[in-house]
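Colleague: Here is how the chains run, residue by residue.
Number of protein chains: 6
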Amino acid sequence: MTDTADTFVLDPALRAMLMEASSATVSIQLLKRGLRFAAIGGVRPLNPLACRFVGPAYTLRFIPAREDLATPASIAQGDNPQRVAIEAIPPDAVLVIDAQRETRAGTLGDILVARLIARGVAGVVSDGAMRDIGELEKMPLPIFCNGVAAPPSFNFLLPVDIGRPIGCGGAAVFPGDIVVADSGGVVVIPRHLAAEVARDSVEQERLEVFIRRRVDRGHATPGLYPANDETRAAYQRWVAAGRPDEV
Amino acid sequence: MTDTADTFVLDPALRAMLMEASSATVSIQLLKRGLRFAAIGGVRPLNPLACRFVGPAYTLRFIPAREDLATPASIAQGDNPQRVAIEAIPPDAVLVIDAQRETRAGTLGDILVARLIARGVAGVVSDGAMRDIGELEKMPLPIFCNGVAAPPSFNFLLPVDIGRPIGCGGAAVFPGDIVVADSGGVVVIPRHLAAEVARDSVEQERLEVFIRRRVDRGHATPGLYPANDETRAAYQRWVAAGRPDEV
Amino acid sequence: MTDTADTFVLDPALRAMLMEASSATVSIQLLKRGLRFAAIGGVRPLNPLACRFVGPAYTLRFIPAREDLATPASIAQGDNPQRVAIEAIPPDAVLVIDAQRETRAGTLGDILVARLIARGVAGVVSDGAMRDIGELEKMPLPIFCNGVAAPPSFNFLLPVDIGRPIGCGGAAVFPGDIVVADSGGVVVIPRHLAAEVARDSVEQERLEVFIRRRVDRGHATPGLYPANDETRAAYQRWVAAGRPDEV
Amino acid sequence: MTDTADTFVLDPALRAMLMEASSATVSIQLLKRGLRFAAIGGVRPLNPLACRFVGPAYTLRFIPAREDLATPASIAQGDNPQRVAIEAIPPDAVLVIDAQRETRAGTLGDILVARLIARGVAGVVSDGAMRDIGELEKMPLPIFCNGVAAPPSFNFLLPVDIGRPIGCGGAAVFPGDIVVADSGGVVVIPRHLAAEVARDSVEQERLEVFIRRRVDRGHATPGLYPANDETRAAYQRWVAAGRPDEV
Amino acid sequence: MTDTADTFVLDPALRAMLMEASSATVSIQLLKRGLRFAAIGGVRPLNPLACRFVGPAYTLRFIPAREDLATPASIAQGDNPQRVAIEAIPPDAVLVIDAQRETRAGTLGDILVARLIARGVAGVVSDGAMRDIGELEKMPLPIFCNGVAAPPSFNFLLPVDIGRPIGCGGAAVFPGDIVVADSGGVVVIPRHLAAEVARDSVEQERLEVFIRRRVDRGHATPGLYPANDETRAAYQRWVAAGRPDEV
Amino acid sequence: MTDTADTFVLDPALRAMLMEASSATVSIQLLKRGLRFAAIGGVRPLNPLACRFVGPAYTLRFIPAREDLATPASIAQGDNPQRVAIEAIPPDAVLVIDAQRETRAGTLGDILVARLIARGVAGVVSDGAMRDIGELEKMPLPIFCNGVAAPPSFNFLLPVDIGRPIGCGGAAVFPGDIVVADSGGVVVIPRHLAAEVARDSVEQERLEVFIRRRVDRGHATPGLYPANDETRAAYQRWVAAGRPDEV
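Chains as they are written, first to last, in this note's numbering: chain B, 1 to 247; chain D, 1001 to 1247; chain X, 2001 to 2247; chain C, 3001 to 3247; chain V, 4001 to 4247; chain L, 5001 to 5247.
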């Protein structure tokens, strides 16, 4: 579980492939590999029209607040893990927050999100809530969260770790796992499976374009979805023909 | 509980009347007949601007997944109840899904919804989640569900029945019951009550137009809402006068 | 806890100051005074674009329905607390409803909301649901609630009190407490703290404008947010300079 | 809803009849009268072997704590409703507590329970938790609650009312309603129905003794349970014969 | 899914083997075969001292009540599925009830349980509640349930099916699946896996006796639990030696 | 947060004092110091008659399972944190487990508990479930947990950390914090407050013995509980007199 220099580096070609794959498709590919718990549950995008991202997970973990530690003064301390995370997360990484599904306090507000934007992160996923939602909805950083709350994180939460494996919305997240997010949800690909899942997801997306077009033209689903041998042959011909409009 | 040829036929005049009645009004009429459990709880429309429908319920039931049965291969089997339902549901019927309120897996995705559109169904209600939400929100079929999830239904669910009575969002739904949906919610009218509920709902809607106009003009609610004898007399005169703008 | 003539009067200057303070900022000020339970949880605005208000709380309390009392006829009775509240709430007050977080029945519908608009109330907060949501979303009254339901309140709820302390979404609300609402949530300021919280909130908002601008210009957060002495000095100079664009 | 001198007086003969009726039987009688919401949900007896009681409800209501009011000092104030209730509840009444189902703080501890015993109350029902459970389990007062918690009530709760209608475990409870408790649960009989429910419950209990004996002797349930005319005739003969062992 | 004459027959030798296997051990064997969802969640034995049973599942399914159908009169109807199940369940089978986790109404009471005892069933598992708990705790039939409730099933539930696959406490249950219950919980073995799971469970139990004895004698767990090759060899010698007290 | 050699050492005199203080009393003392979140919620003792302990917390943290890591083979790996914790926890310490309130899998079973007994730990607190409950209830180690489950921890959980701050049942727990448990619950004292909380708790217990005796003798609570000056003077005289039976 030790982070290395490469933990938060994602090959651009791999990122590009995954940017073509929906969270729904990636889920199927993970399920085919025996992984049923890979989706982060309960989170929704603040801005559904700007919620697409792919990147390696950088983790921040909260526990319930203890009143003598979770104080307004605590956030001024240089070793506060929340504040360290904001300045230490690498560009293009995804900040994934284990807030223990606490929705009565916001894990980030507009100032910290503005800083994350300045620092070039790819997105944020929190199984807790967000503050200053009116501001956040206007900002370009894709954020998935589990609710909205006026109070600050230290009202009910205390940050204790960065860079450790966490639970987020029912899914295990290790630093460097690849997070894929779109309006359909957020899924986490274990780092070692990212390349093969990306490859197969792209292929599945392509096949589903073919299937969807046939359905839109009135084909029934038996034999088509899922595809039987005959459909797969037709699909191969369609690909060979340059994927024309006609299916 | 046996389905007959008529189970999924809804008289067009009755449908037309119910299309004038809000789910809120129908709820009142059912409550007056002693039915307090008729609303499907927890569901919201994917597209609030296109969520109005009325139609007979066609039921599909899921149970929790068993991993040796709920596999990617299972959906290719000809007798998979989910897939049978998609091809067997009559036009103008409403697909009502008992997903046991499981929101970690999507009960339908864009391809199956595209097929339902091709087959002419009136709407979908699921007490589980939906997949491919970005696509679904752009499609014309009204869908009510309880959340959004990337994984497919067989990640956590197994379809086992069509055409049986189900629970959906806390309400009992029998095949052929009349489902009335709008942005205010989804209610289920027992088949044998549909005609009288429709009739009284239309009348109630008309009275509430009168009341609302008076309220908008500054009338206080005592005696007006609910209407006392005097208000009812004024309402009758207003109806007799052709329901003029002036109330 | 006895209401006096002044309970629902809010000084216009105080209201104006609080209209400049976000719910997030007020939460911080309350936390600094030891109050961590002041936010009303679980509620969202029906119309996020028109949800800003400040006003004294006027309370209405429901308990679970008893079928012989919670009937269609009961709302015609002159002493029904829900109906009394609608006609008795003072202008510019906020109707705060303890619905015991029951979301299967709507605590208000379009006709009663229309009447509240006519009567000049500032807003509504209910930890239960609302009816006729399609209508309500088009109406100008800011409403926060915990869900949407077709059935009327008396389907599952019975109104029993006005003007008593209540719980709403996990927060204590006393008549006359000051409710501050915006898209980020709803918080309740104990009456006796309203003036000092308003004063300090305005100051905090001003400082955060300065901080946010610096962050947007690429400043790192350590020393800036929260502000250390150096930042505070720079902020004072900025204020003295008339708060120019340059920070 | 105004309490009169008679609110908490229960006719001894009526109490004696209800002490023969189980909570299960009373539930059936209430359901026959259209009341489905009369059981207090989620509560269990601390001592299942000593949990039987019948008595009129005396109500105490809590709301969520506000830290400046819910302090250790607050319980020394003479008008603290929790403390007033302990000294004001009449003998033979049942203390019914609306704790908003908060189980993280105890609504009573051993000292207050000892005082309730000294004051002769019939029982306690709280939809919150209890403290000092080790002590309470040894004390003779029947107590139903929803959990166990070390912190005192004022950790998370604030008492605000006595003698008002409350919700308790999902049921409406009015002062003076008759509470019937045994190991099977707690049900609330509206005051005006107590006499007829008692009468019919006693009769139902008697019939069920007859039915149970027949079942124990190997009779099948059709026609026996529920009883058809033939079974009812046999039951009448059995009653006329002095309810012999033989059925 | 069609029941045959053999569906509810369990080979006595197989039953005997499984009576030696704990629910915990069976869970491990199912997990080794990829089944993680086989335990029925949330249920506890009414009588922990008499809760051990093994038998084929006989299923009963409830949906939410509809007030015009779920009436006191409904249970007198000859085709009421709850009542049919009571008289039709084969001896030595286990009645498994899908009550949709509704705990506000009891799925069985003492009279029906007395009849199940007379009919020789092996046990009952319900993900709902039970009535007349005081009586039931004294009766010899092992019952697992999710709570206690005074009201009868038809207060909130309506029986609709027997002999169909159901969900119970989050697990899929098919008629004829083998249910294994003890104080540690209830697990469901798919019929086709019962023989091999029984065989391997017995072996695992035996190994764990050896391991537990070593732990009780002070051995550390590394290499012992789980057993490495050396431990397995020692275990084999212990078995060959007739499993002496000395380990 | 770094553990030192002293982290898990508890002064015997301090332990002895805290063994005289109930969890309820400690909660009051923490609340007086501003700590309202110190109780571990939702946990109950497996054996209420043997559940008293005091000791420093040794923490183990789980996250949701990932199927390729949470396998039967994983527990044989030498660095599995659950297994490391079992062998590394110091004598007289308390194993406190953050299981994310997951109750569908057991965090410990009888073999690991037997090993903890051999290693001399003081107690176990898990906000998850336990396995082999029949065995555990007979074993002398005090265990608090949130449920019972047949499946092993790796069915739904993956251990990832020892010795880090965790959340357990809603409370923050740091390694070395002092855990106080009895039948009334489990509370966590921050290490730096242990001595003063112990001292004041012992004094409070003593005063409450005096108060309880007076209540048992028929004294009313006003002025007695909480104690006013007069009561405190009487208490001091009683202490000076050697705490006689007479109060």
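Incorrect hints may appear among the rest.
Below 30 Å or equal to it, Euclidean Cα-Cα: the simulated DSBU-like pairs (lysine-lysine) are [stated by the list, open to error]:
| # | chain 1 | residue 1 | chain 2 | residue 2 |
| --- | --- | --- | --- | --- |
| 1 | V | K4032 | L | K5032 |
| 2 | V | K4138 | L | K5032 |
| 3 | B | K32 | V | K4138 |
| 4 | C | K3138 | V | K4138 |
| 5 | D | K1138 | X | K2032 |
| 6 | L | K5138 | C | K3138 |
| 7 | C | K3032 | D | K1032 |
| 8 | B | K32 | D | K1032 |
| 9 | L | K5032 | C | K3032 |
| 10 | X | K2032 | B | K32 |
| 11 | X | K2138 | D | K1032 |
| 12 | B | K138 | X | K2032 |
| 13 | B | K138 | D | K1032 |
| 14 | X | K2032 | L | K5138 |
| 15 | C | K3032 | V | K4138 |
I should point out that these hints are in silico values taken from the structure, not numbers from a laboratory.
Colleague: Each of the hints needs a verdict: does it hold here or not?
Modeller: Going down the list of hints, with the structure as the test:
1. V/K4032 / L/K5032: 51 Å, violated
2. V/K4138 / L/K5032: With a Cα-Cα distance of about 46 Å, the restraint between V/K4138 and L/K5032 is violated, given a limit of 30 Å.
3. B/K32 / V/K4138: With a Cα-Cα distance of about 49 Å, the restraint between B/K32 and V/K4138 is violated, given a limit of 30 Å.
4. C/K3138 / V/K4138: 22 Å, holds
5. D/K1138 / X/K2032: 46 Å, violated
6. L/K5138 / C/K3138: 22 Å, holds
7. C/K3032 / D/K1032: 18 Å, holds
8. B/K32 / D/K1032: Judged against 30 Å, a Cα distance of about 51 Å means the pair is violated.
9. L/K5032 / C/K3032: Violated, because 51 Å separates the two Cα atoms, which is more than 30 Å.
10. X/K2032 / B/K32: 51 Å, violated
11. X/K2138 / D/K1032: 29 Å, holds
12. B/K138 / X/K2032: 29 Å, holds
13. B/K138 / D/K1032: 46 Å, violated
14. X/K2032 / L/K5138: Violated. X/K2032 to L/K5138 sits at ~49 Å, over the 30 Å cutoff.
15. C/K3032 / V/K4138: 29 Å, holds
Hint violations for this structure: numbers 1, 2, 3, 5, 8, 9, 10, 13, 14, all remaining hints satisfied.
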